[in-house]
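According to this note's numbering, the residues represented by the sequence shown are 398 to 753, in order.
Some hints could be false.
[Unchecked claim] Computed cross-link-like contacts, DSS-like style, restricted to lysine-lysine with a CA-CA straight-line distance of at most 27 angstroms:
1. Lys573 to Lys452
2. Lys419 to Lys467
3. Lys622 to Lys573
4. Lys622 to Lys644
5. Lys419 to Lys453
[As the list claims (entries may be wrong)] Label-pair restraints from in silico Cβ distances:
6. Glu498 to Ala420: 50 to 56 angstroms
7. Gln432 to Lys640: 39 to 45 angstroms
8. Glu623 to Gly713: 32 to 38 angstroms
Honestly, the hints are just simulated from the structure, not real lab data.
Beta carbons are placed, not taken as given, at the ideal position from N, Cα and C, and that holds for glycine.
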Amino acid sequence: MFVVRPARLDDLEGLMRLARIKAPGMTTFPSNEEQLTERLEQSVAAFSEPVDLAKKSNYLLLLEDTDSGKIIGTSALIVGIGLDKPFYSYRILHHTQTSTEPPIRIDTELLQLSNDFVGATEVATLFLDPDYRTEEYRPAKLGKLLAKSRYLLMAAHMERFPETVVAEIRGWVDEKGNSPFWDAIGRHFFNLDFYEADDINGQGNSQFISDLMPTFPIYTTILPKEAQDVIGRPHDGAVPAAKLLEKEGFRFSGAVDIFDAGPLLDARVDMIETVRSSVEGTLAGSVEGSGSGHHHLAANVELENFRVVATSVIEGTSGLWLPETAATALKVTEGSTIRYVDMDAEKSRTKPEGRK
């Protein structure tokens with residue numbers, strides 16, 4: 398059985414294992430033990446303290462293989478980005494200039510350093526152990542379970558999440574890990590390699606951006622074509638995650654990451670498809686067995702003991718029924734409230750291909 402649950406302090410060893418094998422560029426998932434310990438402490442506090450949208454909080458969810466006790470995936474909600482340190486991005490501005498004599502019109506784009514998403518929620522740290530991405534585990538739909546669990550948490554506790562939700566998509570780099578966008582802009586002001594600068598920012602030090610990044614708008618036409626072509630383009634490995642987000646209703650926000658020009662997507666929390674489509678009901682009881690197929694995601698509505706599983710919910714006249722294994726994994730009994738959603742409750746939206 399696979400269960401998504403809040404991270405605990407004793408999950409450090411399992412998290413460190415995942416951090417060592419994660420893809421480069423996941424700045425919200427550091428591979429430093431001290432930083433991961435701090436993230437765990439922040440998450441435990443977020444799941445236990447009263448609502449306070451005036452400060453930043455970090456809800457870290459883990460995917461556990463209950464048969465082995467192994468931590469095999471992560472996802473997170475970071476509430477209040479920009480409250481403790483600036484959350485920088487480049488806003489893409491469109492500028493038109495005309496001349497009457499001779500008659501010429503020039504349409505250009507500019508990149509303006511901005512801090513537009515203060516106080517928003519960021520969906521982040523989505524990672525699944527590569528060993529569980531194989532054909533053997535495809536029926537378990539683990540990627541959807543990890544991604545959508547965040548939205549069920551939002552739906553069950555809406556008061557804890559601001560109206561705006563954003564997602565940073567990794568920008569495009571070549572097969573050697575070089576970022577054309579960083580080479581065209583950032584390298585000239587920071588004198589650092591791309592991953593070195595990105596890692597410093599991921600460790601929570603954004604002050605160096607304020608100190609060194611140019612504050613005046615940058616005309617994209619003066620950049621090399623290689624850099625222009627990747628503005629708003631997702632990393633090849635991030636395309637599946639971007640597609641999951643687009644199906645939930647996220648759209649390109651008009652802003653890109655300042656390091657690699659990856660697109661920033663945003664959505665209103667109440668318009669996210671899983672949030673909109675999920676419903677609550679009362680558990681009438683459980684039935685023997687594990688059920689056939691995974692047609693729903695089901696969650697209990699607790700906070701500290703929040704849990705999500707992929708299962709099949711049976712709607713009856715007396716209430717809802719769950720397979721015994723799912724009810725046990727969720728720690729719910731007759732009379733408990735559960736929130737559930739169709740596993741494929743999603744809409745086809747415009748592809749988040751940035752400005753292309």
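Check your understanding: Taken at face value, is the distance from the CA of Lys644 to the CA of Lys622 at most 27 angstroms?
Key -> violated (31 angstroms)
Exercise for review: Given the hint of 39 to 45 angstroms, check if Gln432 and Lys640 actually sit that far apart at their C-beta atoms.
Suggested key: violated (30 angstroms)
Review point. Within 27 angstroms, alpha carbon to alpha carbon, are Lys573 and Lys452?
Key: The hint is violated at about 39 angstroms.
Review point. Holds or violated: Lys622 with Lys573, Cα cutoff 27 angstroms?
Key: Holds, because 19 angstroms separates the two Cα atoms, which is no more than 27 angstroms.
Point to revise | Whether the CB-CB distance between Glu498 and Ala420 falls inside 50 to 56 angstroms | key: holds (54 angstroms)
Practice item. Decide if the proposed pair is consistent with the structure: Lys419 and Lys467, CA atoms, cutoff 27 angstroms inclusive. Key: Judged against 27 angstroms, a Cα distance of about 16 angstroms means the pair holds.
Review point. Does the Cβ distance between Glu623 and Gly713 fall inside 32 to 38 angstroms?
Key: For Glu623 and Gly713 the Cβ distance comes to about 59 angstroms; the hint is violated.
Review point. Quick one, are Lys419 and Lys453 close enough, alpha carbons at most 27 angstroms?
Key: At roughly 25 angstroms apart (the allowed maximum being 27 angstroms), Lys453 and Lys419 satisfy the hint.
Hint compliance for this structure: hints 1, 4, 7 and 8 are not met, and every other hint is.
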